[in-house]
Amino acid sequence: AQTVTQSQPEMSVQEAETVTLSCTYDTSESDYYLFWYKQPPSRQMILVIRQEAYKQQNATENRFSVNFQKAAKSFSLKISDSQLGDAAMYFCAYRGQETSGSRLTFGEGTQLTVNP
Amino acid sequence: DVKVTQSSRYLVKRTGEKVFLECVQDMDHENMFWYRQDPGLGLRLIYFSYDVKMKEKGDIPEGYSVSREKKERFSLILESASTNQTSMYLCASIPIGARRGWDTEAFFGQGTRLTVV
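Respectively, the protein sequence lines represent chains A and B. FYI, the numbering for the first sequence is 187 to 302, going by the working numbering. FYI, the numbering for the second sequence is 7 to 123, going by the working numbering.
You can take every hint at face value.
Taking lysine-lysine and the BS3-like style, the derived pairs with C-alpha atoms no more than 30 Å apart in a straight line are:
1. B:K63 to A:K259
2. B:K76 to B:K59
3. B:K63 to A:K256
4. A:K264 to B:K9
5. B:K19 to B:K9
6. B:K24 to B:K77
7. B:K59 to B:K24
8. B:K9 to B:K61
9. A:K241 to A:K259
Restraint ranges, calculated between C-beta atoms of paired labels, are given here:
10. B:E23 to A:Y240: 46 to 52 Å
11. B:K77 to A:A202: 43 to 49 Å
12. B:P45 to A:N244: 26 to 32 Å
13. B:E85 to A:S266: 44 to 50 Å
14. B:G69 to A:Q243: 42 to 48 Å
15. B:P67 to A:S216: 24 to 30 Å
16. A:K264 to B:E85: 40 to 46 Å
17. B:V18 to A:N248: 38 to 44 Å
18. B:K9 to A:N248: 21 to 27 Å
Rather than coming from a laboratory, the hints here were simulated on the basis of the structure. We put the beta carbon where it would ideally sit given N, CA and C, even for glycine.
Build the full structure now, drawing on both the sequences and the hints.
This is the structure we're talking about:
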């Protein structure tokens with residue numbers, strides 16, 4: 187079974203600075219998807235960024251980028267120019283390649299605080 | 007916009023009650039999931055379904071059951087609620103993607119905070 191681990195329960199960053207959230211995972215599959223989701227106090231889960239395992243290029247979405255190290259099974263999220271609105275719980279998630287019956291597995295989450 | 011709607015945002019039930027948590031999605035998604043979210047434990051998968059009347063156990067199915075009679079609705083049932091089932095419950099749905107079938111994001115409901123007293 188796949189597992190996802192986030193070893194940082196809490197992180198903090200100063201506004202306008204850069205922060206990196208860590209995620210490692212364990213799988214025997216060669217093809218899969220990785221995600222970072224954000225959960226603000228409203229509780230609504232929002233997709234931040236996704237990475238396809240067969241793509242070597244790291245995904246980027248505006249101020250958010252990932253460092254995907256397939257051999258090390260590591261998938262970290264970098265937030266540049268942090269804003270107060272980035273404060274939230276961040277979850278790393280894994281999904282396998284099956285078209286159906288494939289579960290979406292989450293890590294424990296990292297609570298990000300942004301200090302003004 | 008895809009919409010996933012959970013029937014209640016907050017719910018208080020008594021120990022031993024049978025509890026139904028409903029989730030409805032409006033975009034014809036095949037895959038639906040029920041998670042519970044607890045501090046420090048992240049989202050843990052209770053059950054999921056990849057088709058009508060099909061269900062698979064997740065990591066923590068004990069004390070729960072599910073029903074999927076129609077494609078758009080996935081119900082989580084607590085047969086006899088207990089205090090250790092006090093938690094946040096999240097429903098999610100994922101479509102079969104046009105390309106490879108797995109490269110699509112999950113869409114979530116707003117969550118139900120269940121308190122069992």
